[in-house]
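Chains as they are written, first to last, in our numbering: chain Y, 1 to 504; chain H, 1001 to 1504.
Because the hints were derived from the structure by calculation, they are not lab data.
As the structure is a prediction and not an experimental result, all values here were calculated from the model.
Glycine included, each C-beta is placed from N, C-alpha and C at the ideal position.
One or more of the hints may lead you astray.
[Stated by the list, open to error] Just some of the chain H residues that point at chain Y, by a computed CB distance under 8 Å: (1) His1020; (2) Asp1028; (3) Glu1030; (4) Met1033; (5) Gln1044; (6) Leu1047; (7) Arg1231; (8) Thr1478; (9) Arg1479; (10) Gly1482.
Protein chains: 2
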Amino acid sequence: MAGNIERLKELDSEIQRLSHIAALLSWDQETYMPEGAVEERSEQKALLEGMIHERVTSLEMADIFSKLGISDSNAAVSGLTATDQAFLREAYRRYRLQSKLPTELVRKIAKETSLAVAKWAEAREKADFTIFSGNLETILTLVREKADALGYEEHIYDPLLDEFEPWMKTKELREVFQSVQKGLTALLSRITASGTKVESDFLKREYPVDKQRQLSLSVLKNMGYDFKFGRLDLSAHPFTITLGSTDVRLTNRYDPNFFPKGLFGTIHEGGHGLYELGIAPELHGSLLADGTSMGIHESQSRLWENFIGRSRAFWRWFYPQAKELFPAALADIDVATFYRGINRVEPSFIRVEADEVTYNLHIILRFNLERALVSGDLQVKDLPEAWNQESRELLGITPPDVSLGVLQDIHWSMGGIGYFPTYALGNLYAAQFFRILKQELPLVEAQVEGGNFSAILAWLREKIHSSGRVYTAGELCTRVTGESLNPEYYLQYLEEKYGAIYGI
Amino acid sequence: MAGNIERLKELDSEIQRLSHIAALLSWDQETYMPEGAVEERSEQKALLEGMIHERVTSLEMADIFSKLGISDSNAAVSGLTATDQAFLREAYRRYRLQSKLPTELVRKIAKETSLAVAKWAEAREKADFTIFSGNLETILTLVREKADALGYEEHIYDPLLDEFEPWMKTKELREVFQSVQKGLTALLSRITASGTKVESDFLKREYPVDKQRQLSLSVLKNMGYDFKFGRLDLSAHPFTITLGSTDVRLTNRYDPNFFPKGLFGTIHEGGHGLYELGIAPELHGSLLADGTSMGIHESQSRLWENFIGRSRAFWRWFYPQAKELFPAALADIDVATFYRGINRVEPSFIRVEADEVTYNLHIILRFNLERALVSGDLQVKDLPEAWNQESRELLGITPPDVSLGVLQDIHWSMGGIGYFPTYALGNLYAAQFFRILKQELPLVEAQVEGGNFSAILAWLREKIHSSGRVYTAGELCTRVTGESLNPEYYLQYLEEKYGAIYGI
């Protein structure tokens, strides 16, 4: 048995290395690659992806699992350490997912989504849903085929969700989102009814990009992001990417006329980066050296971005630095006004610009529509109206056109159905973790106010980062907080923070 | 037969793609990679190199060559196009070179050179040859083993030279270098005896690095280097690297107190880059999409750097741009003084700082010592004195210590014996090509003076770049110039140029 597991680790180590190389190809493409190289680069990526797929689904791999007695119905081998058990669980999961998908289907999805992304962009540009609707129908057909190939017991949405949030079920998520929705819509009504006005126009003044970058580098250093093992570059959309256990890079972009975009983008990506860089050395080079789910990953970025970065304590420390870099823009703004401005709540059309209170409602809207589309309860032709209907119910507003409504996000055109919920899960997990963090580190607020994040980072490393994928998201949540995912803590956090801001 | 060649092309295409991916790993390491990632990166590179080696020496590859009747004694298959014949010649050459070297020897060389580079750096730093001499002895032993494994008929130096300058023989090179040496030492004596003083101190004034970069970008654009398919970045040592037929990148570095380093480095790398970007599309993705030898590659960088970049016509066009960017440093310098300054001739210790007249003497010195070391005629312990002896004979000067003498170059510590001659060959080929270029483009001087390089680039593309590796260096030279390598043209070029500058 030991020999089989050792061999599996060898095979996995090569797969990891190839994946890290593939990550460099992607990072380079988004940052420095000359534009004329795009076609050749996609061939290089396809070659590596093919090699990875070949290795993940190889006969030797299958043979080892069979010798170990692992199958769809049994993923456990007795007498192993927790880490080796997790390694087998994740290695088999990867094998199962990749070997169940017919090559022809994977090829079709790649082809159709590549066409659909272009059509989606055109449709959004022209605010004309009919340009994209045919492509979306094709994608839904293929996504259903994918779900069927992967298999499911309860809901066709289960295998799609599982791709991004392993081991999470649609049923559980629905229940969680139902209480989130109830709590958020109630809080939003009270905020709207309060009549409190929050000033935020000053965030749209002149913020020179080079100074914004300086501020971003400063905050990353304070957070404990180590530039010996990373970088911060420019790209069209911010992302974090792992090129190895010793090389985790961030990207961001800056808007010279909107302050929050750059800085909070940096803090967000910094949170992802710290997770990846905090994984225990003994897991390095294996498939366990990764975030355990996208929801947990997002909890780390949101915890830094919102729970710390948008807190009053943070700005008591950081505001002088910002004011020094932007003396003109912030001359007449005191820290209290600034804090309220970056936390202004208002229902809006675009998800990525939403505040903490309305954000999860945008996700619930998409989750509802995705399930209905995949199960066939909703037809693509009826989608724009269904979107507007959900928007009225959840946010109380109707998008004036499809570019501000159903066409705002790229995800569906890429076949990424099942992805959106992980954003909301990130907020919920973050609140649940942060509550325990504050209990265990009672001085955290004073530390943040002093610009000292080392205790926070040490706590996150010990409790969350270091274990990588050893525990599933659910297991990790229970280990850290003593209970499974509970959305009440997010609602409590919002209640307290926004109650104070809006005087309710 | 056609089927076998097609299959060989498929196999080759994957090898090329892997090599381009490996090139990205190297480029990134030299430019943007975080320092802490160095160990993991070397593992990633080793993995890719192993995969490439596996493919180059695969049983299937061997089988195809055997079916085609190709062997060490017969590389020709009748009834093929010139391109396919060249493809087979180069594919078999690669197979032969890689399959003849025992894996154990390759591993040993990698290990010993990695140790030796560190020792060499220490020895140079401390100007103490004995720190490095043991490593050099080990390397020479391994290099001799390598030469024996590769096989040779005449001289043990042949297979070493062939690694960098395919199909070139030691005997031919010796004869060429003998007449070069004779001509150069004679010219150098007359220059020294002329008593003419050339001012060049102004090149060491303040030249802000950002302005130098601006000038570099400007000259590259004029040369016809297309930034849609390339970039110019910073690195410790300048280099050109091919990440694909549509992605050829340059790097450079700037000295704020020495003007020529940055600009001529850029023009030099630009020449390499234009070669790689000028290869005909029908060769893209195959092993023929490459420079045909290092000597020919160097001829393209030297032609642009020296024959154009250090010409009077070039500076008549370019000097106003330089003067505008460096008004303080160049205020009192007219274009004639500037031209003479960048072409000052003086025997010096360091090869990379040498002028056009003495440069090839530095190479001949190394070529003489390399042959003697490899054949066993010279012992490592006697090397420093032999170096000084050669230096006196060729350049008329004795290095004051080994850091300015035998320890100045990294090449031997890396096992790169046989590499130096290609630098000199570059100068010789450049002169031979440039002479024909001027005959066929009689207006070339006026075009350079107008900053218009399009006819030059078109000529180089048609005559040299487009054919990639289809012709060997020798074949190419004969096709373009009507005769084989003839060092007289280099001597004539120097005679004319430096005769005018030094009034001899």
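ask   = Which of the listed hints are not met by the structure?
value = 3, 8, 9, 10
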